[in-house]
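If you want the building blocks of each chain, they are given just below.
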Amino acid sequence: MSLRGRTAIAGLGMTPMGKVYDRTPLGFAAAAIHLALADAGLTRADLDGLLLNPGLSWGDLGMGSFQLQQAMGLRDLRLSSSMNCGGATAGTMIQIAAQAVASGQCKAVACVFSDAPLKPPRPQGEAGGGGSAGAYGFGRGLDAAYGQYGVNAMYAMVAQRHMHLYGTTHDQLGAIAVAERAWAAGNPAAQFHDTPLTLEDYRRARWVVEPFRLFDCCLVSNGGLAVIVTSAERARDLRRPPVYILGTGQGHPGGDPVETLASGAPLAKASAFAMADITLADIDVVQLYDCYTFTVLVTLEDYGFCAKGEGGPFVADGRIAPGGALPLNTGGGQLSAFYMWGMTPISEAVIQLRGDGGTRQVPDAHVALVSGNGGILSTHATLVLGSEA
Amino acid sequence: MSDARPIPVVTPEMRPFYAGAQQRELRVQRCRACGALRFPARALCSHCLATDAEWVAVSGRGEVYSFNVMHQVYHPGFAAEVPYAVVLVQLDEGPRLISNLVGLAADAIRIDMPVRVVFEDVTPEITLPKFTPA
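Line order of the protein sequences matches chains B and Z. My numbering applies: residue 1 is where the first sequence begins, and numbers increase by one. My numbering applies: residue 1 is where the second sequence begins, and numbers increase by one.
It is worth saying that the hints were derived from the structure and are not from the lab. Computed from a predicted structure; not experimentally measured. C-beta atoms are modelled at their ideal positions from N, C-alpha and C, and glycine is treated no differently. Please note that the accuracy of each hint is not assured.
Distance condition first, Cα-Cα at most 25 Å in a straight line; then the derived DMTMM-like pairs of lysine to aspartate or glutamate [to be verified]:
1. Z:K130 <-> Z:E120
2. Z:K130 <-> Z:D107
3. Z:K130 <-> B:D22
4. Z:K130 <-> Z:E81
5. B:K308 <-> Z:E63
6. Z:K130 <-> Z:E63
7. Z:K130 <-> B:E259
8. B:K308 <-> Z:D112
9. Z:K130 <-> Z:D92
10. B:K107 <-> B:D201
11. B:K107 <-> B:D284
12. Z:K130 <-> Z:E93
13. B:K119 <-> B:D237
14. Z:K130 <-> B:D194
15. B:K119 <-> B:D194
Far from chain B, by Cβ distances over 12 Å, these chain Z residues were calculated [claimed, not checked]:
16. R5
17. E25
18. P40
19. G103
Whenever a hint applies, use it, and build me the whole structure from the sequences.
This is the structure we're talking about:
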């Protein structure tokens, strides 16, 4: 039997995010779950499943979900695991949770991401650490000897080749950064809520790794973000409007992304859209994983909003900005709101489908497309969420 | 962290690569079952899944497949180098490898530009293959 509409997101919990230094990663995760339970009108005794996507700062806590269970005093779970396929994990956690609920294994599953990579500012002159490059384990061995460090450097090579083959321009990447920043102005929780960005500002910003300037790259954030997945039937009796899980899919293409210039979206989309029984025309709001501006551009191509190679012109005309025909990353995304990996786009989809978007609310938002993407376009998850089952 | 550039640790599976570089020879792995070439060293052939492999010399000729220009300093050994380019070279024989391009400014690098290997002695044990316009 199809999963379509049989389960729902019933609770959303978001801690303060950004330069917040008062908690450990585990502390952020516990706080996010508490908030999500309260949002749903549930208590921890109602939980019988726990899925954790540990951010980098969880380090070697390979049994993080057990640590989290102990810390929160959760008893008699029927599902518990730490999961990691990078930015696609949030979508895959929700898929597993929905399957567990639909099969009768679980009644309510908490899915949580948390991280605390940012440390308080150091005194002047004190050296910094290796940052995300070291934490990811990239840039050791031979690559390090050539100065190739971190995810930025690897994505930059993919973007450079896309620009070479298709004529994609810096200003087209900049249009994505500017559009998301404009959306962030409507999101009080966004780290860049009060900082407008023009294309001129974008052009003036420093290079990180060419072809990426500063605002092509996502934020780094401390914080935690959780959702509660339960049955559609039960969700209808809870505190907040259910956000129905209409379709789920995964796609992990393998191969060399510098050659394919593509994500796993086509494969993940096929599963999710078939389950949800929708086409692109049915989607009201789009929340795409945006570790870089370039990731948004490629993902739009891979979902078929435009042809491969046409992502640049597609985004350049304001189509994805507030007031445009395709509302995309309406909370500011990971570029301008906060970096909670795959939970960032999921949280904004829930907010829009509940009608909680305030000044950024998209009118008549009933069906949302959500993507998650990990590695270097290596892993992908698709969710189709809806306000009606 | 010291201010010297990082020196790669010679792992057992990559030892023939470094031995080749010392002899001014660029080597990649070849599957003994199907002949497919691969780099860096891997435990099995992703084409036929055979584990038996040998190291063979390649021409050292290829093209720039893609590149980036690093402005951010991720290691103090590169603080005096930024901005510097890292290139992904497509070898004529198939495999792609990360390297640097010597003898050309970062802003002059172009995708598809033909290149050939040169060798840079870093320590008595380590020689790094790099590339230069062909």
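Outcome of the hint check:
For the hint linking Z:K130 to Z:E120, the alpha-carbon distance of about 7 Å falls within 25 Å, and the restraint holds. For the given pair, Z:K130 sits about 18 Å from Z:D107 by alpha-carbon distance, which is consistent with the 25 Å threshold. With a C-alpha separation of about 46 Å, the suggested pair Z:K130 and B:D22 falls outside the 25 Å cut-off, and the hint is violated. Annotation: proposed proximity of Z:K130 to Z:E81 holds, straight-line Cα distance about 16 Å (limit 25 Å).
For the proposed pair B:K308 and Z:E63, the alpha carbon gap of about 24 Å is at most 25 Å, so the pair holds. Between Z:K130 and Z:E63 the CA atoms are separated by roughly 13 Å; this keeps the pair inside 25 Å, and the hint holds. Restraint check: the Cα-Cα separation between Z:K130 and B:E259 comes to about 22 Å, which is no more than 25 Å; the hinted pair holds. Taking the CA atoms of B:K308 and Z:D112, the gap is near 21 Å; set against the 25 Å cutoff, the hint holds.
With a CA separation close to 15 Å, the supplied pair Z:K130 and Z:D92 stays within the 25 Å bound. Restraint check for B:K107 and B:D201: the C-alpha separation of about 49 Å exceeds 25 Å, so the hint is violated. Distance check on the hinted pair: B:K107 and B:D284 sit about 30 Å apart at the alpha-carbon level, beyond 25 Å; violated. Restraint check for Z:K130 and Z:E93: satisfied, since their Cα atoms lie roughly 17 Å apart, inside the 25 Å limit.
A hinted pair counts as satisfied when its Cα atoms are at most 25 Å apart, and B:K119 with B:D237 does not qualify at roughly 41 Å. Straight-line distance between C-alpha atoms of Z:K130 and B:D194 comes to about 46 Å, which puts the hinted pair past the 25 Å bound. Simply put, B:K119 and B:D194 have alpha-carbon atoms about 23 Å apart, close enough for the 25 Å limit, and the pair holds. Here Z:R5 does not stay apart from chain B, with its beta-carbon only about 7 Å from theirs, under the 12 Å limit.
No Cβ of chain B comes within 12 Å of the Cβ of Z:E25; the nearest lies about 16 Å off, and the non-interface call holds. A Cβ of chain B approaches the Cβ of Z:P40 within 12 Å, the least distance being about 7 Å, so the stated non-interface status is violated. Chain B leaves Z:G103 outside its interface by the beta-carbon criterion, the shortest separation being 15 Å against a cut-off of 12 Å.
Against the hints set out earlier in the document, violations occur for numbers 3, 10, 11, 13, 14, 16, 18.
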